[in-house]
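Engineer: If you want the building blocks of each chain, they are given just below.
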Amino acid sequence: MRGPVLRARGLVKHHGRGQSLVRAVDEVDLEVHAGQTLAVMGPSGCGKSTLLHLLGGLERPTAGEVWVAGRRIDTLSERALARLRRRSVGFVFQAFHLVEELSAAENVELPVLLAGRSPREARRRASLLLDRVGLADRARHLPSRLSGGQRQRVAIARALANEPLVVLADEPTGNLDTAATLDVLRIFEDLRAAGQTLVIVTHDERVAATADRLVSMRDGMFVDDTRLTAAHPRGLGGLGGMLGLGG
Amino acid sequence: MQDAVLALLAKEPAHGYHLHARLRRALGPLGESMNRGQIYVTLARLERAGLVVGERAEGLPERPERKVYALTPAGRERVAAWLAETGWPKPDLAEFHLKLAAAAAARLADPLELVAAQRRELLRRLREVQQAALAEPAESGAGPLLEGVVLRLRADLRWLDVCERAWSGAGAEGG
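Chains as they are written, first to last, in my numbering: chain A, 1 to 247; chain B, 1 to 175.
None of the hints are false.
From chain B, some residues computed to sit far from chain A (all C-beta separations above 12 Å):
1) L8
2) E65
3) P73
4) W82
5) L93
6) A103
7) R107
Restricting the straight-line Cα-Cα distance to at most 25 Å, the calculated cross-link-like pairs of lysine to aspartate or glutamate (DMTMM-like) are:
8) B:K99 x A:D224
9) B:K99 x B:E121
10) B:K11 x B:E55
11) B:K99 x B:E164
12) B:K99 x A:D225
13) B:K11 x B:E47
Just some of the chain A residues that point at chain B, by a computed CB distance under 10 Å:
14) T210
15) A211
16) L228
Please keep in mind that the hints were generated in silico from the structure rather than gathered at the bench. Since we're looking at a predicted model, the values are computed, not measured. Positions of the beta carbon are idealized from the N, C-alpha and C atoms, including for glycine.
All chains should be built: construct the whole structure from the sequences, respecting the hints.
Structural biologist: Given below as structure tokens:
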């Protein structure tokens, strides 16, 4: 596929009106290319979650355009938009949003079945993905029997269920302790290495540091855009320089 | 490093290459740049200071890599003093703080730009250390050290947020 996986042009989202008008997203342009991992950082209320919702077709912009894989999505019908979300976009939320009545495996199977694939294929995908996030032995557990970190890993497996073009994660470690955060970071690092396109909204510097590229958002606008992988003279061997190890 | 080398000798006398291997193991990826020569230089200094003695095995030529080093009583005292000491490296924040103030006062540069550039650099370092931390096996002795470097960098990044808040809007009247 040529061109960016995600593209936004002149993206604007207003909440409220008159005196209480909030410019949540204010004239944002963005391109995310295949295989890129992008982190969006900023203080709460800077519009980063709203931006993610617009990119994934969960909300419609007040103005501007959103393109997913060369297709404009902000003008799609609700039905077409729902289908696009199901097949092309994987979502990971801070509060996991698992179906509490379904087992871990069934939660991952669900989007595969909804995309019209066979139960057998759904089981195969779920087993593969739960193994990938290190939860093969928890497949039959209900979410209530899983820790927060395990639930988020199930949610990540579910987001990957239909081999989405892009995974959009909104504060994926916001509810997790340090150990669980590290588990999630390890999975993101694997996804990055495997070439999965990924957009992560976060205020956690550790999560942001797994990305190739980082944009900073303030008051609905991008104020900085940084490539974290930029050519750097210091290799792994030079890590010791950070400690001032010497004679 | 002198103190660490001395402390490693407290358990038993050892060859320089053995000390080097133990330090490397404890430091994990952060110790990869440390070479054996540094250890021998350190041991030679400690020997001159009377804190260790190097004993050459019989019949072998007089070379540092042939020697087995042991603590002297003075060396042992110094190890005890090191363990009891509560000194701590001071974070040098004043320099960057003054850089921002000077840049604003003389209109040399936009303090917010300086903060953004510094943040980019720290994030790149954080990424580097974090990738090393994630790649480190769970049983590695270097885990807590890598985590410590990550926490330091995060604290510095938060401080840059404080600087950014202080200089946004305040920049205009800063001169």
